[in-house]
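For what it's worth, full-length UniProt numbering labels the leading residue of the sequence shown as 1, then goes sequentially.
Keep in mind that the hints were calculated from the coordinates and are not lab data.
Glycine residues also receive a C-beta, built at the ideal position from the N, C-alpha and C atoms.
Hints may contain errors.
Stated by the list, open to error - EDC-like mimics (lysine to aspartate or glutamate), calculated; alpha carbons at most 20 Å apart, straight line:
| hint | residue 1 | residue 2 |
| --- | --- | --- |
| 1 | K62 | E15 |
| 2 | K170 | E140 |
| 3 | K170 | E180 |
To be verified - Between beta-carbon pairs, the in silico distance windows are:
| hint | residue 1 | residue 2 | range |
| --- | --- | --- | --- |
| 4 | F216 | D112 | 19 to 27 Å |
| 5 | E214 | G177 | 41 to 49 Å |
| 6 | F216 | M1 | 18 to 26 Å |
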Amino acid sequence: MNLKETLNWRYTTKEYDASKKISDTDMAEIKNLLRMSPSSVNLQPWHFIVAETAAGKARMAKGTQGFFSFNEPKVTNASAVVLFCVKTDADDAYYQHIADTEDKSGRFPNDDVKNRFLGAVKAFTGIHKYDLKDLQHWMEKQVYLNIGSFLLGVASLGLDATPMEGIDVKALDEEFGLREKGYTSLVAVSLGYRTKSDFNSTEKTPKSRLAESEIFTVI
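Work out the full structure, taking the sequences as your base and the hints as a guide.
Spelled out as structure tokens, the structure:
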């Protein structure tokens, strides 16, 4: 599929075929998509919990109880589920860790370039931490950048996906001990293959978007 075909093909899947499983090769591609996502100053303020087994999905489904029970089948019938988690804080030690990791990857020709990069990281995060006082919200934006590229990426692999904000983040934080590790859950994305009976399929329900004339100003 070309890009236009991929965009028209993908949709928020409502019903998964529990008998179909994602291959190990595609799961490796999925993890690479998550890891290689862009983020501001390469901050990478995320962690991902990937549930591939029945036991793992059962644990993930603890975040779809009560009010969010409508999302439970999307977790239990999917082939895999990714929980996107965001850091709850960032400090000098973490900034140094990012810089050291980039250094080991060969991105800096010398210490001066590395120190300039580290200074930029501290400057931009400092603006959000102390001036705008929205560091947590800003880091969440980076995770949503990841989710956006992830949805397109998995569609290019011919995989269906369902992003779900309708989850009990407190229950999932407790289930996976996230807050003690400096993270909190944000969004879950189910992955797998649509059923022929899925009412939301683009074959049954055409996509609808605002007109180009309404959303574009070309200058």
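Hints, verified against the model:
Using a Cα cut-off of 20 Å, the hinted pair K62 and E15 holds, with the two alpha carbons roughly 19 Å apart. Only pairs whose Cα atoms come within 20 Å are accepted, and K170 paired with E140 is accepted, the gap being roughly 16 Å. With a CA separation close to 12 Å, the supplied pair K170 and E180 stays within the 20 Å bound. The given range of 19 to 27 Å is broken by F216 and D112, whose C-beta atoms sit roughly 43 Å from each other.
In this structure the supplied range 41 to 49 Å holds for E214 paired with G177, their Cβ-Cβ distance being about 46 Å. Hint check: F216 to M1, Cβ distance near 24 Å, so the stated range 18 to 26 Å holds.
Checked against the numbered hints above, the structure violates only hint 4.
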